[in-house]
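Construct the complete structure from the given sequences, taking the supplied hints into account.
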Amino acid sequence: MIGDGISFAGKDAEVNRQMNEYILFDKKHNPDFYKPLRQLNPSDPNFQYKLDSLFKIQRNTDQAFYHTYGTTCKTLIDAATDAQYTYRQLDYYLTNKIKVANDSLLVPIYSISNHVSDYFRFLHYYVKYVLYPVNETRGDYVKVADYANQTFPKNYADIINLRFEDDDIAAQNKIYKTILNKLNSKWAKENIRIEIDGLNVKQTKLEKLLASAKSAPKQTSLGKIIKEFSFDAELLSNQSKDGSELLKTIKAKYHNKLIVLDIWATWCAPCIGQMPYSKKLYHEAKGAKSPIEFVYLCTDQGLNQEKWINKVAELEQPGTHIFVENNVISELLSLFNGAGFPTYAVIKPNGEIDTKAISWMKDVTLEKLEEMTK
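Heads up: the sequence shown at position 324 corresponds to 571 in the numbering used here, and the numbers run straight through without jumps.
Since the hints were made in silico from the structure, they are not lab data.
Note that the structure is a prediction, hence the values are computed from the model and not measured.
Note that beta-carbon positions come from the ideal geometry of N, C-alpha and C, so glycine has one too.
Every clue listed holds true.
In silico DSS-like pairs for lysine-lysine, Cα to Cα no more than 30 Å straight-line: (1) Lys449 x Lys526; (2) Lys526 x Lys615; (3) Lys495 x Lys536.
Label pairs and their in silico Cβ distance ranges: (4) Asn263 x Thr602: 41 to 47 Å; (5) Thr451 x Asn428: 21 to 27 Å; (6) Asp610 x Glu492: 29 to 35 Å.
So, in structure tokens, the structure goes:
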């Protein structure tokens with residue numbers, strides 16, 4: 248940022264200095280912009296009017312910055328503001344299935360930011376779910392990629408086609424290797440080759456982990472053991488008929504222990520983002536010999552058992568993992584008053600269930616968990 252003792256060097260020094268000045272200027276002179284923007288509902292019939300009103304204020308703030316600090320970064324700032332505006336418009340078009348002229352969607356891009364990434368993501372969604380004309384083949388990334396190439400300028404087609412994603416490493420690698428041949432620009436091809444190289448390394452490691460896992464099926468009170476990994480993970484398939492029965496089974500299995508329940512999905516980015524924190528807690532608890540168990544209940548919604556196994560192995564997430572039917576997960580979410588994924592709950596040694604103890608794993612400490620064991 249900007250302050251005493253902070254300086255910037257290199258060929259982009261002045262750009263970096265001015266962009267940091269802009270961030271501070273924007274926060275000071277337009278502090279009430281982001282909250283109403285986040286609250287803006289694309290289903291609101293007055294969405295467009297409210298969006299335009301907010302961005303009129305934002306663009307006035309940008310102009311005030313140029314008047315004070317000069318226009319060195321005007322091109323970058325204008326493009327970033329346009330990307331943020333267009334991302335919210337795309338959200339509106341996507342929600343309401345509105346088709347507009349393609350030219351109005353194409354924002355010049357000169358730098359990468361969170362807002363620009365949102366623009367890329369929603370442009371991809373808009374093309375896939377609104378513009379692409381054949382509903383039956385909407386899930387076929389090859390056909391959607393061909394459509395993007397036929398419909399948009401080359402660079403924008405590449406931006407759209409770089410956004411095909413799958414939460415499974417092998418599936419993502421296959422997508423990238425196929426899409427590589429459909430990209431037009433040098434920068435896009437170089438970008439995806441780097442991604443493929445990284446995925447190849449991850450896939451090789453994953454295959455070794457899967458090959459080394461114990462796979463002899465064995466029945467337990469929690470369900471049938473499917474895999475046992477060397478990183479201290481036991482994977483089971485649920486055999487309880489409903490959520491209440493599954494809870495009773497988990498309680499009985501880990502009687503007199505504190506149980507941290509994590510209800511998640513492999514396709515849930517916030518769920519995945521919290522996993523490193525619970526992994527750290529697992530190892531801390533194990534090192535301290537604390538009576539704490541970590542139990543992960545993954546929904547089967549939108550995936551198969553193989554993808555779940557692969558994701559646990561990719562994360563090297565220790566603990567007890569149970570693959571659970573979505574109707575059972577839905578019942579648990581209702582019992583815990585959970586709004587979605589991830590949902591956390593703690594079962595105390597006395598059997599009491601606390602659904603408010605954990606909002607995010609990143610905020611939990613071993614000391615906090617140990618206090619609940621008493």
